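Please model the entire structure based on the sequences and the hints provided.
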Amino acid sequence: MKRKNLGINTICTHVGEVKDTQFQGAISPLFMSSSYQYDGVDVKRYPRYFNTPNQEGLGKKIAALEKSEAGMIFSSGMAAVSHCLLAFLHKGDHVVLPQTLYGGTYNFVVEEFHKFGIEYTFAAGFTEKDFAKAIKTNTKVIYVETPSNPLMKITDLEIIARLAKQHSLVSMIDNTFASAINQTPADFGIDIMIHSATKYMGGHSDICAGAVAASSKHMDVIWNISKNIGGSLSDYTVWLLERSIKTMALRVKAQNKNAKKIAKWLEKHPLVAKVYYPGLRSHPDHLLAKKQMKGYSGMLSFELIDSLDPNKFMKQLKLVKQSMSLAGVESTILSPTHTSHALLSPQERAHQGIADGLLRFSVGIEEKKDLLADFTQAFEALTKKRN
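All the letters of the sequence shown, read from the start, carry residue numbers 8 to 394 under our numbering.
These are computed hints drawn from the structure, not numbers from a lab. Quick caveat, the model's predicted, so the values are computed rather than measured. Errors might be hidden in some of the hints.
Calculated lysine-lysine pairs in the DSS-like style (CA-CA distance at most 25 Å, straight line) [unchecked claim]:
no.	residue 1	residue 2
1	Lys275	Lys74
2	Lys322	Lys375
3	Lys51	Lys26
4	Lys281	Lys325
5	Lys328	Lys297
6	Lys147	Lys136
7	Lys147	Lys268
8	Lys122	Lys301
9	Lys271	Lys253
10	Lys322	Lys271
11	Lys74	Lys147
12	Lys234	Lys275
13	Lys325	Lys234
14	Lys281	Lys376
15	Lys275	Lys147
16	Lys271	Lys376
17	Lys67	Lys51
18	Lys391	Lys376
19	Lys260	Lys328
20	Lys11	Lys98
21	Lys51	Lys11
22	Lys98	Lys51
23	Lys74	Lys26
24	Lys51	Lys234
25	Lys301	Lys11
The calculated label-pair distances, taken between Cβ atoms and stated as ranges, are [stated by the list, open to error]:
no.	residue 1	residue 2	range
26	Ile312	Tyr243	24 to 32 Å
27	Lys98	His174	32 to 40 Å
28	Ser175	Ile236	19 to 27 Å
29	Lys391	His174	51 to 59 Å
30	Tyr53	Asp363	41 to 49 Å
31	Arg169	His276	37 to 45 Å
32	Lys319	Thr28	42 to 50 Å
33	Thr144	Asp377	40 to 48 Å
34	Leu13	Leu294	25 to 33 Å
Glycine included, each C-beta is placed from N, C-alpha and C at the ideal position.
Here's what the structure looks like:
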């Protein structure tokens, strides 16, 4: 069957499988070797070349999910981000990025780019005018993140792709928060899709990995630098990730459903000041999200009223875990100020609109009623202590 005709669950389950030709097992066998035959073979395989059997197979699955020609797996989401940016940016080049970014990406840009002589500009806003104004004569890349971490801002992918083509730029997106289940940027003309595969692809809070999908032409450029930097992933983790992706569509759709219902519930709660979720009609980018996303993600953020301590609220939760990272089958909550964006100064966080009281909630696959009951008892416990 042709790959383009397959449904999303079929792609997750079957594309990129490594065939067990010896025993005919139902799943991909795991090839742990770090040394392969080099003479008289079609492909000289080496883990740092991203082409062991398991690495190669999983790359095909990632490419299929993102409707791209090629895929690569990295040791972390930041390895994927840094390899892609450094592949297309050289001394004297310039990149345009949005104001609101994952903290790790922001830190990489502001702390490392000056060492390479790379210039950057954070667009003043999220409109076409904002991004166009930031483009210079030496701009080579336009990089976006949508929905953004942690405020769930939405960027118009058609606009970004059009600007990139008008100015002969390479367009990149961090598609982690949406996942390929909810958003396929290649449909809008984006060149390179980047993921922290630790998140929805892994989905069980036990894998650290990154992934990239792009055309074969763009992937050749990325591979050429990646083989020298060496951010490859062990085959055991590659095998675990391939196993996890088999259920990704099922997990993400369940998380989408929970998140939308919980966001609506929080929006009406008297102790909640604001909710950030693109699936809400009150979200300023709701119509844009509806246009370019198939689902609104399992991620949301919210702020409590000023009189409530968000850290004390988190400590009252019994079912929802106060934990780093996101997108596992279990629901987790954290303070971006103390975790994902802790390396930013208070001024930088304020500039991005990240309040100290902001809470980021990664919605799991638990029963909605149980999650709401946990939030309810936490609110009640907190208000009793306050009174």
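Item to check | Given hint Lys376 paired with Lys391 - CA-CA distance at most 25 Å | outcome: Answer holds: Lys391 to Lys376 is near 22 Å, not above 25 Å.
Item to check | Supplied distance hint 25 to 33 Å, evaluated on CB atoms of Leu13 and Leu294 | outcome: The hinted range 25 to 33 Å holds for Leu13 and Leu294, with Cβ atoms some 30 Å apart.
Next on the checklist: Between the alpha carbons of Lys51 and Lys26, is the straight-line distance 25 Å or under?
Outcome noted: 19 Å, holds
Next on the checklist: Next pair to validate is Lys271 with Lys253; report whether the Cα-Cα distance is within 25 Å.
Outcome noted: 30 Å, violated
Checklist entry - So does Ser175 sit 19 to 27 Å from Ile236, Cβ to Cβ? => result Once the Cβ atoms are compared, 26 Å apart, the range 19 to 27 Å for Ile236 and Ser175 holds.
Checklist entry - Does 37 to 45 Å hold as the CB distance between Arg169 and His276, or does it fail? => result Since Arg169 and His276 have Cβ atoms about 40 Å apart, the given range 37 to 45 Å holds.
Checklist entry - Are the Cα atoms of Lys74 and Lys147 separated by 25 Å or less? => result 24 Å, holds
Checklist entry - Holds or violated: are the alpha carbons of Lys147 and Lys136 at most 25 Å from each other? => result 18 Å, holds
Checklist entry - Are the Cα positions of Lys51 and Lys234 separated by 25 Å at most? => result Holds. Lys51 to Lys234 sits at ~13 Å (cutoff 25 Å).
Item to check | Lys98 paired with His174, Cβ distance criterion 32 to 40 Å | outcome: Cβ of Lys98 to Cβ of His174: about 20 Å, so the range 32 to 40 Å is violated.
Checklist entry - When you check the alpha-carbon spacing of Lys281 and Lys325, does it fall within 25 Å? => result Given that 25 Å is the threshold and the Cα spacing comes to 23 Å, the pair holds.
Checklist entry - Are Lys51 and Lys11 close enough, with their CA atoms no more than 25 Å apart? => result 29 Å, violated
In this structure, the earlier hints numbered 1, 5, 7, 8, 9, 12, 13, 15, 20, 21, 22, 26, 27, 32, 33 are contradicted, and the remaining ones agree with it.
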